[in-house]
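**Q** First to last, the protein sequences are chains A and B. Going from the first sequence to the working numbering is simple: count from 1 and add 383. Going from the second sequence to the working numbering is simple: count from 1 and add 365.
Calculated from the structure, these hints are not laboratory results. Every clue listed holds true.
Chain B side only, calculated, beta carbon under 8 Å to chain A, not exhaustive: (1) Phe421; (2) Ala439; (3) Tyr459.
Note that the structure is a prediction, hence the values are computed from the model and not measured. No residue lacks a Cβ here, since even glycine has one placed at the ideal position from N, Cα and C.
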Amino acid sequence: MKLTFALPAALLVMAAPAMAAAGPTDPQIAHIAYTAGSIDIAAGKQALARSHNKAVRGFAEEMVRDHQAVNDKALALVKKLHVTPEDNATSQALTKGAAAERAKLAKLSGATFDREYVNNEVAYHKTVNGALENTLIPSAKNGELKSLLETGLTLFREHLAHAEMIAKGLK
Amino acid sequence: MRTLYSLCAAAALLLPVPSAAAAPHTYTVVIDKMKFGPVPAQLHPGDSILWVNRDFLRHSATAADHSFDVDLPAGAKVKMVVKAKGRINFVCRYHPGMRGVLNVQ
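Kindly produce the complete structure, drawing on both the sequences and the hints.
**A** What follows is the structure, given as structure tokens:
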């Protein structure tokens, strides 16, 4: 699974020149952030539908709750700023990778599913956090968008720590 | 008689009087951008803390010793009375990296 999300991670770097030397624009950043959140909400809902593990379900509930809150805030912000999120290669790569992972998880159950879901959450949060830290936050021009991304990064680091803790327990 | 009055006056001076410092206070602790803000340095049993969640995320103020567990939905303000003395570590139960310490004297 780590390979699945290594691809978007590479694309986040490779896409940068195509997005001009200055990095992605605010409409592109908003689209990437919203897409990344939506992917994890969908993954959380899939886990809630398939997992019976209390710790895994608790984590999945946290993902759905927190990422939905961030996406609601992001939607309100782009509306306020009159910004239309712009689709881009990075968002498309994230979506494609997530679809492959969702199909893979759909064939699993029980402890195998739990391990794959949580391991993917670890890899996914590492990828997204790296992109936020190194590309999206430094490139964001609007102060409110940058602030939202910074709060998001603090939150997603919590998610990564939580996922890593659960992954240890599932080994 | 004059001596008796003098004695009574002297005794009255020795009686304890209510101290203004004993009146309970309410302190505000703000949560913003995934962090607990400063907590009061002087905190006594009977004082209150008004937890204010300015984040768009759900948080909690949860004592490690289980003496309090305040749920704080996005934008919530919840007042809590501090009961016992002690050094109380607290976290957000949803985001355990958010933490602080109350020092109740």
